[in-house]
Each structure stands twice: as C-alpha cells, then as structure tokens.
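> One-letter residues, chain by chain:
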Amino acid sequence: MNVINISSSCNSDFVRQVEEESGQQLSLCYQCGKCTAGCPYTTEYDIPVSQIIRLTQAGQKELVLKSKSLWLCATCESCTARCPNKIDVARIMDVLRHMARREGYSGVKTVKTFWDSFLHSVQKNGRVFEVGLLANYISHTGRFWTDFGLGRKVLPKGKIHFKPSAMQGKEEVAKIFRRYVEESTK
Amino acid sequence: MSVSLTYAYYPGCSSTGTSIEYDMSSRAICAALDITLTDVPNWSCCGSTPAHTVDHTLSSALSARNLCQVASMGLTAAVTPCPSCLSNLKTAQHRMKNDSFREKVSKLLDKPADITVETKSVLQILVEDYGLDKIKAKVKKPLTGLTVAAYYGCIMNRPAEIMNFDDREHPMAMDNIMTALGATVVPFPLKVECCGASFGIPRKDVVMRLSGKLLDTAKEMGAMALVTACPLCQMNLDMRQEQINSANGSKHQMPIFYFTQLMGLAFGLSEKELGIDKLCVNPRTVIDALGMEGNSKEKSQ
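Protein chains in written order, with our numbering: chain W, 1 to 186; chain U, 1 to 301.
Derived from the structure by calculation, the hints contain no laboratory data.
Fair warning: there could be bad hints in the mix.
[Claimed, not checked] Okay, derived cross-link-like pairs now, PhoX-like style, lysine-lysine, Cα gap no bigger than 25 Å in a straight line:
| no. | chain 1 | residue 1 | chain 2 | residue 2 |
| --- | --- | --- | --- | --- |
| 1 | U | K111 | W | K170 |
| 2 | U | K97 | W | K159 |
| 3 | U | K272 | W | K153 |
| 4 | W | K66 | U | K213 |
| 5 | U | K219 | W | K109 |
| 6 | U | K134 | U | K111 |
| 7 | W | K86 | U | K219 |
| 8 | U | K272 | W | K157 |
| 9 | W | K159 | U | K272 |
| 10 | W | K157 | W | K175 |
| 11 | U | K111 | W | K186 |
| 12 | U | K204 | W | K68 |
| 13 | W | K124 | W | K68 |
| 14 | U | K111 | W | K153 |
| 15 | U | K204 | W | K153 |
| 16 | U | K272 | W | K124 |
| 17 | W | K153 | U | K219 |
[Said to hold, decoys possible] Some chain U residues flagged as far from chain W (calculated, every beta-carbon gap over 10 Å):
| no. | residue |
| --- | --- |
| 18 | L37 |
| 19 | S48 |
| 20 | D55 |
| 21 | L58 |
| 22 | D129 |
| 23 | L132 |
| 24 | V186 |
| 25 | P187 |
[Said to hold, decoys possible] To spell it out: a stretch of chain W is covered by chain U in this simulated footprint if at least three of its residues, at any positions, have a beta carbon under 8 Å from a beta carbon of chain U; those stretches are:
| no. | segment |
| --- | --- |
| 26 | 78–85 |
| 27 | 108–121 |
| 28 | 145–156 |
| 29 | 170–183 |
Backbone N, C-alpha and C fix where the C-beta goes; we use that ideal spot for every residue, glycine too.
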C-alpha cells in the first residue's frame, strides 16, 4: 500500500482546476467504489477510477496525471451512470487526460498515437479516412502487422476505400483545428 | 391526417466505409416507412472519441459545424444512425447551453454555433416518432424462429441527462422492435456493457476480452444472432470475431446484424439493398432458417 503525506504534497490548485474544467464537485465522492466495480477497463488500469478520484481530491497531481488509466478509459459512461452522488466521473477522466496532454505526459503510446492519427485524418480530410488513419498509426508505432489478417476478410466486402471521401468544405474543418491551436496558445 | 416525418440525415464517417450496411439499411427502411431523410450538405466528422479526449471546445466545435449545416437546411431535427456521432452532437448541444462555452466554440467556427436543432438516433425516431404499432403493421415476413440478443452498446443511452432516451441500464427499444418483427428476444445482461470501443487497433487484447464476453454470454442465453445499433460495436463483434475466436479459443460463428437490416428483411426488402452481403460472419444459415413462413403468408394474402 502506498502511503502519501497529504499535508505536504496536496496541490490545491490542481483540485480547483479539475473542478473548474469538469464542472464537478470532487468532495461529493465518498469512495463507495461503485464506479470501479462497473468499470470494464479496471483490469487494465494501473490505478482504479475510484482511486483516481480519491487522489485528485487529495491534490496528488503528478500521481494522477502520469497514470495509464487516463488513456485506457473508453468513456463508456458506466461510472457516470452509476455514481450515487451523480458525479460525472467520465467527464473528470476526460478533463484529467486533457491536463495530462497539456503537461506533456506520454500516456499509453499506442492509444495516444491512434487518437492523434484519427484527428490528423479529420483535420486533413474533413472526415475520417480509415485506410489513411491506419497507415498513419502504423508509421508512427512501427506496428506493421496491425490488423493485417483482417484485409482478407474485409477487402472483398467493398467497405474499404483507398481514397478519402471527397467533401466540399473540408477547409472549414481544417480552420477549426487551426483556430483551436491559436486560441489555446493565446 | 398524419404528417410525414422529415429529418436532416447525418450519416457519420463509418457509414462511408466499415458500416456502409448500416447506412444502406437505415436509408432503405426509412424509405419503406415514408420517413424522409435529407443528407446534411457537406457534413464533416464529429470528432468522435479522439476529439473529446483532447479538448471539449474542439470536440464541440467539430459537432457544432454540422449543427450549423442542419440549421442552414431549414430543418429543426437531425437524425444519425451512429451513437458515437449522436453522443458528440448531443454533448455539444448540452454544453453550449452555457453561454461562455458557446462563445468559445463559436470562436472556432465560421459562423455562430446553433443551439436550436434537435438530434436523435435512427433507433429513437423509429420508436418515439414513428411508433412500434406502425412498424408491426409493416411486417410482411415475420422473423419467426429467429432468436436474438439486443446489444445497445455503452453510449446510446448514457449519460442519461444528455442522451435522454430509453433506460440507461436496461434499454428496451431494440428488444421491442425485434419482438414487433416476430423474433424471439432473449434476456441479455450485457446490453450496455462496453465492447472495447475504439481500442481495437491500439489495444486489441482489451477488445478480445470484452467483445468475447459479449459473444459468450449471447450464446449462453441461447441467441442465434446479436442485433446492434452501433458501428463500432458491430465492427468489433463481426469483423473481429475470428480474431476473438483465436485469442480466446472460442468457436463463435454468430451473425451480428444491424437492427435496421432485420427490420428491412421483415419488411420484405431485398438483402442487397440492406447490405447483408457486407457482414463478415456469414448469416446465411440464420436467414435461410427464416422466410418460409413469411413467404407463405405473402402467398396466402
């Protein structure tokens, strides 16, 4: 069991910031553990979601933001649906990974690369281009055999396109990303 | 006199690729029910999960652009087959009720964000706006003899305050439609359990475990097939079923239909227009076991 000296390591700015960005009141959590009990990903987590909330209450910024759990949450909303105090736990997990990104934590590389490749595809094409997304992911992770075996099954179905969908106005989507970067660096 | 139902239709990115049969069958059954779907002009991606894991303003702006497109059509209601698209559109609308958040979103757009459009899933308009009784009346070939489990996935109904549809733990919309079509629906305790979502590529092992559990349980409950309403769920269960079998040592050959495909079959639409041939796990045996009764009913009419 890890013992933490809360009085010397509590970052109260962190607590305030999480509450502000998530719109949730952390002190409402009384550690019943229902979120963890229903979390389909808890076996993959390094810190269960209820403990993430407890550590956040206690202002343990670094422990929380370096946790792999943040990157393995699929936002399935089980925790939010079941919290007896109506805390939007999934939204807190979302906000924590925003903060982890901003603070430069590497997270789970494959997951982060996949999400980044997805958004890169949207920024470039306005819509997700599945083959391009996979190629980008593979080039950044070196995982050349990713879903290699699926080709035989899926190609004959005519579901896979080798060109991005032609949409008018994709420049408007690229602008959203550009403005987002400008606004967040202001 | 009944007023015909008209909606702006937002297909979502997967409808152009891996879930093309969901798009085909959604359009086909709406046409059969005289529900008018007009494509949102130049719709773009909602950002799906990756956008909201990066930033909520960015995520909402990607959705808000599409809501502006709907408003420019002069329509007030939009419909999408995909729960992930719907969740993003609805979450954006919900958060933009806050003025300062809406201003932040508008700064990323060419025009101010619109908050007047109502959004629903194809499943939701069918049960809420069209109605089960009328669906039942359209059945030409009842799915008698087909035993299915209805799997909703995790975000069709959650969070309840935002999705505002059916029950968050025990939804019944698809169960009721399947019953109306003449199918037998088994109780399925994992209706809203996650399938592994978009971890198929970065953490396939997780999908193998979670989707494997769904297939195992559906089989134990006596289902011949699973019925889904989500492109990602369907893809994990259908396209990855062989991977799941080799990872878990299972031998599933369970067809994974979109509920719209089974509606189409019951309405007597052709397999081709419902994209039945696009499914990876061959549903032939299951479909061939049906139909006789429907055909004979048709002949007797």
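> Evaluate each hint against the coordinates.
Here is how each hint holds up against the structure:
1. Under the criterion of a C-alpha separation no larger than 25 Å, the hint pairing U:K111 with W:K170 is consistent with the structure, at around 15 Å.
2. Taking the CA atoms of U:K97 and W:K159, the gap is near 38 Å; set against the 25 Å cutoff, the hint is violated.
3. With a C-alpha separation of about 19 Å, the suggested pairing of U:K272 with W:K153 holds against the 25 Å cut-off.
4. With a CA separation close to 30 Å, the supplied pair W:K66 and U:K213 exceeds the 25 Å bound.
5. Note on U:K219 and W:K109: the hinted pairing is violated, with a Cα-Cα distance of about 35 Å set against a maximum of 25 Å.
6. Using a Cα cut-off of 25 Å, the hinted pair U:K134 and U:K111 is violated, with the two alpha carbons roughly 40 Å apart.
7. Distance check on the hinted pair: W:K86 and U:K219 sit about 34 Å apart at the alpha-carbon level, beyond 25 Å; violated.
8. With a CA separation close to 12 Å, the supplied pair U:K272 and W:K157 stays within the 25 Å bound.
9. Straight-line distance between C-alpha atoms of W:K159 and U:K272 comes to about 14 Å, which keeps the hinted pair within the 25 Å bound.
10. Between the alpha carbons of W:K157 and W:K175 the distance comes to roughly 35 Å, so the proposed pair goes past 25 Å and is violated.
11. Straight-line distance between C-alpha atoms of U:K111 and W:K186 comes to about 21 Å, which keeps the hinted pair within the 25 Å bound.
12. Between U:K204 and W:K68, the direct Cα distance comes to roughly 16 Å. Compliance with the 25 Å bound is thereby established for this hinted pair.
13. At roughly 29 Å between alpha-carbon atoms, W:K124 and W:K68 are farther apart than 25 Å, so this suggested pair is violated.
14. Taking the CA atoms of U:K111 and W:K153, the gap is near 43 Å; set against the 25 Å cutoff, the hint is violated.
15. A hinted pair counts as satisfied when its Cα atoms are at most 25 Å apart, and U:K204 with W:K153 qualifies at roughly 17 Å.
16. The hinted pair formed by U:K272 and W:K124 fails the criterion: a straight-line CA distance of about 33 Å is larger than 25 Å.
17. Restraint check: the Cα-Cα separation between W:K153 and U:K219 comes to about 23 Å, which is no more than 25 Å; the hinted pair holds.
18. The beta carbon of U:L37 sits about 18 Å from the closest Cβ of chain W, which is more than 10 Å, so the claim that it is off the interface holds.
19. Not every Cβ of chain W is farther than 10 Å from the Cβ of U:S48; the closest lies at roughly 7 Å, contradicting the non-interface assignment.
20. With a minimum CB-CB distance of about 6 Å to chain W, U:D55 fails to clear the 10 Å threshold, and the non-interface call is violated.
21. With a closest Cβ-Cβ approach of about 5 Å to chain W, U:L58 is found to fall inside the 10 Å limit, against its non-interface label.
22. Taking the minimum C-beta to C-beta distance to chain W, about 25 Å, the non-interface status of U:D129 holds against the 10 Å cut.
23. The beta carbon of U:L132 is kept farther than 10 Å from every beta carbon of chain W, the shortest such distance being approximately 25 Å.
24. Every CB of chain W lies more than 10 Å from the CB of U:V186, the least distance being 21 Å, so the non-interface label holds.
25. At roughly 19 Å, the least C-beta separation between U:P187 and chain W is larger than 10 Å, which holds for a residue marked as non-interface.
26. Restraint check on the segment 78–85 of chain W versus chain U: 3 residues with Cβ-Cβ distances below 8 Å, three needed, restraint holds.
27. Coverage of the segment 108–121 of chain W by chain U holds. Counting CB-CB distances below 8 Å, 9 residues qualify, and the rule asks for three or more.
28. Counting residues of the segment 145–156 of chain W whose beta carbon lies closer than 8 Å to any beta carbon of chain U gives 6, which meets the minimum of three for the stated coverage.
29. Closer than 8 Å: that is the beta-carbon criterion, and the segment 170–183 of chain W has 9 residues meeting it against chain U, so the requirement of 3 holds.
Violation of the numbered hints given earlier is confined to hints 2, 4, 5, 6, 7, 10, 13, 14, 16, 19, 20, 21; the remaining hints are satisfied by the structure.
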